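K.L.:
Listed below, chain by chain, are the residues.
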Amino acid sequence: MGEASGSIYDSLRKKGVSRRDFMKFCSLMAATLALPVGGAAKIAEALEKAQKPTLVWLEFQDCAGNTESFLRASDPTVAQIVLDLLSVNYHETIMAPAGKQAEKSLADTVKNQKGKYLVVVEGAIPLKDGGVYCTVGGRAAIDIAREVCGNALATIAMGACAWDGGIPAAAPNPTGAVGVKDAVKGITLINLPGCPANVVNLTGTVVHYLTFGSLPLTDSMGRPLFAYGRRIHDDCERRAHYDAGRYVREWGDEGHRKGWCLYQMGCKGPETFKNCPAQRWNQGTSWPVEAGHGCIGCASPHFWDTMTPFYKRLENVPGFGVEATADKFGAGLAAATAAGLIVHRIARAAKKKSSEEEGK
Amino acid sequence: MRAVENALQITIPDNARLIRNIITGIQYVQDHTIHFYHLHALDWVDIVSALKADPGKTSDLAQSISDWHNSSKAYFAGVQDKLKAFVAGGELGLFANGYWGHPAYKLPPEANLMAVAHYLEALDWQKNIIRIHAILGSKNPHAQTYLVGGMATAINPNDESTLNANSIAHMMQMAKTAKEFVEKVYVPDLLAIASFYKDWAGYGAGVGNYLAYGEFPKDNVSNTDNLFLPRGRILGKDLSKVHPVDQQKVAEYIAHSWYTYPDGNNASKHPYDGVTDYKYTGPKPPFEFLDTDKKYSWVKAPRYEDKPMEVGPLARMLVAYASGHERVKEVVDASLKKLGVGPSALFSTLGRTAARGIETLVVAEALQGWIGQLADNIKKGDLRIHDNSKWEPSTWPSEAKGYGFHEAPRGALCHWVRIKDGKIANYQCVVPSTWNASPRDAKGQRGPYETALLGTPVAKPEEPLEILRTVHSFDPCLACAVHITDVNRKELLKVKVS
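As they're listed, the protein sequences go chains A and B.
For the record, in the first sequence the residue sitting at position 189 is 189 according to the numbering used here, with numbers rising by one throughout.
For the record, in the second sequence the residue sitting at position 211 is 211 according to the numbering used here, with numbers rising by one throughout.
The following block holds chain A by itself, in its conformation from the complex (with noise of 0.2 Å):
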């Protein structure tokens, strides 16, 4: 394979990554990506001759945790990322200057790769009044994300707030707070829902794009399906116990010490699509069934106003079929009626324990 030079390969290998820790990095992001055989080679071959595409990070009505999600990136690591993948210019937490110098590294991007660089927005964009409720340097979020977002060659939705408003768009939102696909219309946008955002699907989006000079397929809430293609009830390693009927009951009953199901403590796994427990989180270290806690579905839309209360079972929703209707969702049928359908429980459980009072 050939390797061209200042290729992103090319630049990892002068920093001293063995060709055998870069073929790891490509088997990870092949498995994420859910290639099939022979995909991690196709990465690496993408990567030999890939140049170090831009991007810049914008924050708005954020807590950061987006951010903190990317610097907890391992196979590759942020340094590797920020370094030797990407020439990330923009990044108001991480990047040396401030003020004017700031604005400039983001201005000089925008004017200089426009329509070539990439974009990840973190945070909500508040519309009412003007939108005085989010200014950075004395501009409205609104004003930068429609001409950064506008210029670029995709962007990139990382975590709930960036996705749909997240919680500063749950109710009575008031500050008007919406997603980046409500905010600017008409761009390229991938969604990676998630409070925060997992960095793996981050970089699997990213690499997709390095290796197949596109983005990945998406639902039509334009989520990559290689990430949320699959129901987290489907994928959960205490499935089992959830088919026998075992359950946990109250906090460190016998049943949590021994990880039965948390469905009966409210676990929203069954309504939601992510692949939490495939790729975990922080180096496949846990994720909040393994730990214990039910999901609080996160990744699903308007999650504030319908996931919660996340203790109790949701109400189902008359005339679907559960399972159907997490179906649906979950290919994007349903996506208008995203933010009403999601709400609805497991028919099948329903029955089971029909005599029993649900909603512990």
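One or more hints might be untrue.
BS3-like cross-link-like pairs, simulated, lysine-lysine; straight-line CA separation at most 25 Å [stated by the list, open to error]:
hint, chain 1, residue 1, chain 2, residue 2
1, A, Lys-15, B, Lys-84
2, A, Lys-100, B, Lys-460
3, B, Lys-57, A, Lys-15
No wet-lab data here; the hints were simulated from the structure.
No experiment lies behind these values; they were computed from the predicted model shown.
With chain A fixed as given, assemble chain B onto it according to the hints.
P.N.:
Below, chain B alone, put in the same frame as chain A:
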């Protein structure tokens, strides 16, 4: 969590207390270290100057201050080569438009190279040690196992799906790794860098009043006299007396904040009766300046007995020092001695940054102890993690109120909740950056950031590196903005704080 537990008078099991201490503890260690290397170091370290360093001399310097294993000439030459390759690539990314070559940078090239090497090492290290959060909290960031009444982290030494001997051993190992890095890299670097910037012990003092609610309960959290980091206030930089803390004496002003109170612009309110009715009266964006004679901030102005207070690691270390906390006293005194300065140097930008490192060491040392106590409890057969007695809202009184304090890494935090008929009737948070970034109150008293910046020398007004040093030394909440004003109260420039 603690606010609701306080309102409902719930005592969490000892294991839950320890799990929370461990989660908070490793958070301090990771967060403070990231703050030092990745959010603050470049205010003191000139990366470009590191290109000129002699790797051999860098190695000598590193070995003279620590026995950390990565200290050979070849190691530093390797880091320098990476840096050269990066710069030669022409895409400086995050490091473009930095203040490189600014006259306020004082480190020799060798110290700059050492710091760049540790910037990269710390980036790698932090993601590993924070896995303690994943074990106990499910993930980092945004741990998800906190419950009113305890934790959802089930314990069973005879089950592989729960917290067990393996997880304890794993956490012990990470805590050890965490402590070693702090001892051998962070603290030596901090003292070495500080020794070139001793003049910064003369700038950035701030309001001189310090508030710490205290953290890491040794038993029931309601026993506030028995916290590992003690509670207290220091007033007027006087370390001879530690004043008590009573949450009832906290109140918030909105005279210069974009909110309204029903009882007028100059009123103050205790958080139990707090009101958050926003009303923006600032300029229409885009704008260049804010008029600080009017309202100019989204941050309210919290005051303790009408005084502005600084919160954070410096406040905690001063309260601990003045309270006679043995280990804190030892580390503070040793650090002051090494730098050849007295305790008054603590009241400064340099003191604030040093206190953060000192606290990191003290907490890193305590971590293994908490993990050990958790193991001891399990050994004795205590597997309790949650008090279920008030889990169902039907068990609650029709009305209740409570407050929950916490020392977040960046400072004192308290939540106040009023509960009515099983629902929240009012919820108010006064968080660390509300204290530190507070605008003026109804009496015109400035908050800590504003006061700390008065008198800061700025060599090149268009490259306000010195301003960043002081503002960053507080570890501002990332999403906050800071507005800089000169003595004529005319805003010179806005600095985005990162």
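K.L.:
Hint by hint, note whether the structure agrees.
P.N.:
Taking the hints in turn, this is what the structure says about them:
1. Lys-15(A) / Lys-84(B): Holds. Lys-15(A) to Lys-84(B) sits at ~10 Å (cutoff 25 Å).
2. Lys-100(A) / Lys-460(B): holds (13 Å)
3. Lys-57(B) / Lys-15(A): With a Cα-Cα distance of about 22 Å, the restraint between Lys-57(B) and Lys-15(A) holds, given a limit of 25 Å.
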